[in-house]
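Following the hints, complete the assembly by docking chain B onto the known chain A.
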Amino acid sequence: MATTRERAPAGWVRLCRADDIGEGQSRGFDPDDEGQDSLFVVRWQGQLHAWRNACPHVQGAPMAWRRDAYLNAAGTRVVCHAHGAEFMPDSGLCVQGPCRGERLIRLELVVDVDGELFVNK
Amino acid sequence: MKIVGLESLVFAVDDVRGAARFLVDYGLTAVDVSDRGGRFEAMDGTAVVIARQDDPALPPGPVPGCRLRKTVMGVADEATLGAIAAELRRDREVRRLPDGSVESIDDCGFVIGFQLTARRPFVLPGEISNAPGGVVFRPVNSLGVPPPGSVIRPRSLSHVVYFVPDVMKAEAFYVNRLGFRCTDRFTGTGPFLQPAGSLDHHTHFLIGAPPHMHGVEHFTFHFGGPSEMITNGYRFVEKGYQAFWGPGRHILGSNWFWYFNSPFGCHIEMDADMDQHDASWQPREATASADNSQTFLLKMRKKWYPGPGIPENGDYA
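So the protein sequences, as listed, match chains A and B.
As numbered in this note's numbering, residues 4 to 124 make up the first sequence, in order.
As numbered in this note's numbering, residues 8 to 324 make up the second sequence, in order.
The following block holds chain A by itself, in its conformation from the complex (with noise of 0.2 Å):
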């Protein structure tokens, strides 16, 4: 899709560049003002994936346990620091803790030409 930095379509929001973020690094955005991320964005075996801030097991349940830190220390798994649950980076699939077989909520991720990440929310 076509999209600049200056006007993005309806309902889509301009994060950071898209190479700001590593592999195996995460980090947590705030584009309406709440106060607090309502999502974060991971990059696992070179892919972005977005995701709602919002641990499946307890209704909007925020995940990270400082700012930006959504996942262990290895960088393989998204944890929710609330009460330890993991999810796959790539599906969102729970695979330990008390929501396993729970996904989180996918958001939509375009990287314009100019290498800038937007999020559809």
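Among the hints, erroneous ones may be present.
In silico BS3-like cross-links for lysine-lysine, where the CA-CA straight-line distance does not exceed 30 Å [to be verified]:
no.: 1; chain 1: B; residue 1: K9; chain 2: B; residue 2: K77
no.: 2; chain 1: B; residue 1: K77; chain 2: B; residue 2: K176
no.: 3; chain 1: B; residue 1: K306; chain 2: B; residue 2: K246
no.: 4; chain 1: A; residue 1: K124; chain 2: B; residue 2: K246
no.: 5; chain 1: A; residue 1: K124; chain 2: B; residue 2: K306
no.: 6; chain 1: B; residue 1: K246; chain 2: B; residue 2: K77
Because the hints were derived from the structure by calculation, they are not lab data.
Same frame as chain A, but now just chain B:
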């Protein structure tokens, strides 16, 4: 069975440096810390101990994924230590460790330890409210709000909350085998438990939960009072840590609370001003719900007063 309370909690972590920074930012004092782990003490010497998750010296958790590996309780004297060891040896393995402590396992799979308490007594007045007609007041010219930059430290390890698959069995173990008392109860959820050597409303709270939740809900340290605790909580948030629930005040136990996410697979709480009860106290029973858990919940408004650069309605707008 005069257990005086929690002495330490041992956690397996996957990022020692990050967890250490977290505990120091919470207010604990680092003691003997290396890249393999270390000990983080409150004012009385009670502590959180962390170790790398691949450390072979760590006891196993109750289930895979549970980062709490051991709950150590303090006892008043050697006779109590011997009595606990004898009681538990009736139906399970009990080990005497080289440091003289006793190690075993409870009925829901948590490794438990007992040692002569190493709590260091100290005297430092807690928060005092100035009330007309009152008897005890703050010294004249002393301030109720902790000034910026003041040092705030947790005073003592307060309590741990377990998710257990069989709450009746778990309660029976702590009451019948270790001499704990139920002080209050959430119907169908579980009991608040007090050991015989403490007046605190609870050092343990048990929550009946499905097997896949087996583990820890939270643990916490007592702070000197609500103003100190809430100030510490705001400082913690400013350092980038994630608040979960609070600040507020519980009904059962009356403790002020503020819960945060943590790198320990459970919440960490800051608490202050918990009720104390003796054996004459009659346990209450309530239905578990948010309404029955918080008597109030505070919300900060950063801009509430009209002024330069602030809308007429502050951030109510």
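Now the hints, each set against the structure:
1. At roughly 20 Å between alpha-carbon atoms, K9 of chain B and K77 of chain B fall within 30 Å of each other, so this suggested pair holds.
2. Restraint check: the Cα-Cα separation between K77 of chain B and K176 of chain B comes to about 19 Å, which is no more than 30 Å; the hinted pair holds.
3. Restraint check for K306 of chain B and K246 of chain B: the C-alpha separation of about 18 Å stays at or below 30 Å, so the hint holds.
4. The hinted pair formed by K124 of chain A and K246 of chain B meets the criterion: a straight-line CA distance of about 28 Å does not exceed 30 Å.
5. At roughly 27 Å between alpha-carbon atoms, K124 of chain A and K306 of chain B fall within 30 Å of each other, so this suggested pair holds.
6. The hinted pair formed by K246 of chain B and K77 of chain B meets the criterion: a straight-line CA distance of about 29 Å does not exceed 30 Å.
Every hint, counting from the list given before, is met by this structure.
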